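> Given the coordinates of chain A, work out where chain B should sit on it, guided by the hints.
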Amino acid sequence: MEISGSEILVRCLQEEGVEFVFGYPGGAVLEIYDAIFRQTAFKHVLVRHEQAAVHAADAYSRSSDKVGVALVTSGPGATNALTGIATAYMDSIPLVVISGQVGTSAIGLDAFQEVDMVGCSRPIVKHNFLVKDVRDLAETIKKAFYIAATGRPGPVVIDIPKDVSIHKTEYKYPESVAIRSYSPPTKGHPGQIKKAVQLIAEGKRPFLYVGGGAVQGRAGKEVTELANILGIPVTNTLMGLGALDGTHPHFVGMLGMHGTYEANLAMQYCDVLIAVGARFDDRVISVPNHFLSNPKKIIHIDVDPSSIAKRVKVDIPIVGDVKHVLTDMIAQLRESGLRPNPSALEAWWKQVNEWRKPDSLLYTPSTEVIKPQHVIQTLWNVTNGEAIVTSDVGQHQMWAAQYYKFRRPKQWINSGGLGTMGFGLPAAMGAQLANPDAQVACVTGEGSIQMNIQELSTCKQYHTPVKVLSLNNRYLGMVRQWQEFFYGTRYSESYMDALPDFVKVAEAYGHVGFKVENPADVEPVLKEAFGPSLKERLVFIDFRTDQTENVFPMVQNGRGLNQMDLPPHMAGMQQAPFENNRDYGNLS
Amino acid sequence: MRHILSILIENEAGALSRVTGLFSARGYNIDSLTVQTTEDPTLSRMTIVTHGSDEVIEQITKQLNKLIEVVKVIDLNESDHIERELMLIKVRATGKDREEMKRMADIFRGRIIDVTEKTYTIELTGPGEKLDAFIKALDSTVILETVRTGASGIGRGERILKI
Chain A
0 MEISGSEILV RCLQEEGVEF VFGYPGGAVL EIYDAIFRQT AFKHVLVRHE
50 QAAVHAADAY SRSSDKVGVA LVTSGPGATN ALTGIATAYM DSIPLVVISG
100 QVGTSAIGLD AFQEVDMVGC SRPIVKHNFL VKDVRDLAET IKKAFYIAAT
150 GRPGPVVIDI PKDVSIHKTE YKYPESVAIR SYSPPTKGHP GQIKKAVQLI
200 AEGKRPFLYV GGGAVQGRAG KEVTELANIL GIPVTNTLMG LGALDGTHPH
250 FVGMLGMHGT YEANLAMQYC DVLIAVGARF DDRVISVPNH FLSNPKKIIH
300 IDVDPSSIAK RVKVDIPIVG DVKHVLTDMI AQLRESGLRP NPSALEAWWK
350 QVNEWRKPDS LLYTPSTEVI KPQHVIQTLW NVTNGEAIVT SDVGQHQMWA
400 AQYYKFRRPK QWINSGGLGT MGFGLPAAMG AQLANPDAQV ACVTGEGSIQ
450 MNIQELSTCK QYHTPVKVLS LNNRYLGMVR QWQEFFYGTR YSESYMDALP
500 DFVKVAEAYG HVGFKVENPA DVEPVLKEAF GPSLKERLVF IDFRTDQTEN
550 VFPMVQNGRG LNQMDLPPHM AGMQQAPFEN NRDYGNLS
Chain B
0 MRHILSILIE NEAGALSRVT GLFSARGYNI DSLTVQTTED PTLSRMTIVT
50 HGSDEVIEQI TKQLNKLIEV VKVIDLNESD HIERELMLIK VRATGKDREE
100 MKRMADIFRG RIIDVTEKTY TIELTGPGEK LDAFIKALDS TVILETVRTG
150 ASGIGRGERI LKI
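Protein sequence lines, in the order shown, are assigned to chains A and B. Residue 0 is where the first sequence starts when you use numbering that gives the first Met the number 0, and the numbers rise one by one after that. Residue 0 is where the second sequence starts when you use numbering that gives the first Met the number 0, and the numbers rise one by one after that.
Warning: the hint list may mix true and false statements.
Just a few of them, taken from the derived set where beta-carbon distance is under 7 Å, the chain B residues facing chain A [unchecked claim]:
1) Glu9
2) Arg25
3) Gly26
4) Glu68
5) Val70
6) Ala132
In short, the hints are calculated from the structure, not lab data. Just so we're clear, the structure is a prediction, and the values are computed from it rather than from any experiment. In this text, a Cβ means the ideal position worked out from N, Cα and C, and glycines have one as well.
Here chain A stands alone, though its shape is the one from the complex (with noise of 0.2 Å):
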């Protein structure tokens, strides 16, 4: 029997699993929203604005191990879902996000809501489609969550054209795929890691250095079990939180710009470095001559060949799955029984206590003015660090980052790579909607909290009571320290006046909604917004923070990571007080 391209796109994303599709209908898409409402096997998350259909679809995904669907129309349906496809691109987030056409005897000649999608999204998917004829269109549909699953997972436009989703054609989905000119790497080349176990042994000042990857290839458990058995010490970065237990003995805080000097340090001066899933990016390293001006090793995991050597020169580079490549190299280590010299180790957990004793994120409580960094430790407490967190963008991102102790992968979702301002409350939402049972918080500022503001409808249309955190100091926060720090404290338009009554806002949207503005107030309401009583309704709770407040440690642009801006309390530390320094070099 014939069924219509529409039907077609129904069935296949039945086939796929889908729980859930995050759209917003528009002209080119009717045929497909008809085809939607006559079946029940998924259902579809009608957003406000399409931006927050592609980051909830993303968030849905990054909270749990599926890939995450987004509808849109055609022109403006589909060019607002850009941010959220760029974001996704660059956290290599699984996506498959389906944008209307106009019909095909329309394209190319500026037709009403046209815009050429597939040129329009080529630089910052996986890989796109413009299906141009209904036969294709299954094939296609399979080829794309096949493609935005494996590998380096990311995300992958199908574009159909209005009469492709009216069109009719045999239906058959195909059960497998095989494209030629694709074949993501699993396996790790088994001499390469037969060097790196080889190299790890030989090191003295070893240290992991954990991503993303680790996250998104499901690696948890893996680095977890490398981390014990070599007894290093572990960072993770921004993309990588929960990877190793943010409480676990070895760890040592997230590295980078706003990364702990303890992890800072010990990134600068290992001597042999295991990155796993992580792309030595300009926020983690900052400039490479500096970071490699100490000789260091670098073995280097990563599905992504293109990731390894791009921004460092890497000895020993192994391709594959992180999962498979540290589960092999977990049983060579066993195998061998090769470790990192003991009394070696010794002196080098010795340095890194020293370097911890400081502690970098200490800061000045206040009885008077409501800290940022306490409300988020304060969640912790609260939600005993179970909590799934979404973040938008700016420093409420690096404190939560910072404080919150994540415990286990896809636990912390935030915009990395694309700092996307607007994603967090369309990510909690996604977020809770794929963990019904769970707490999602949504750490925003009230900057951020104002670009997908009208979320708040959508949670309330299907009862997704996120808990919102916003943590409101009247400035667009990380403008703000920038500018204190590099533009002579001139506030160039950092400064939002005009703020809305956020706890009428809520209300208006049918939530609740709580002001803040006594410190000795944070625990109770954080205890009553995830308590049984509002355990059903989205809270939102506007916290009025201290307005100077800012985000330490950090390394300005350009620098090394051992020349971190530290906090007040640790100003003027010297920040290369390592006892080996001759030893430098002695790794041949």
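For chain B alone, coordinates are given in the frame of chain A:
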């Protein structure tokens, strides 16, 4: 350093723009690009002449390999290879120049493929330097128009690029 990359790519609409888009988005140079389908109509072969440090070329190669439609990429520079480029050049050919032009074309093993009372159009193939040399050898005032294809390259001997 100058490199010459050979790329086998699915013969699909939009594949070429993915390749050129990659170069422009990542700030790489394309000195020349030629593309045509191969003996297998589902595959196209591109030859891209580019330049950059070894690290840049390595990144270009890796990034090209990441494109879903790209089947294979090789750097012809890594071993002996042959390059050819085609030029059509229209020159003024009047009076005593007419004989001279004919002689020059012969010396460079070019062929005159179109003749009018005042012009010759000469077809010339060879490595880019040879074509450059021909242009140099002529008095610039006689050159009316040139059009060049960009290089096509192939490995010498047994070395082949195939799936």
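> Among the hints numbered above, which are violated by the structure, and what are their numbers in rising order?
2, 3 and 6
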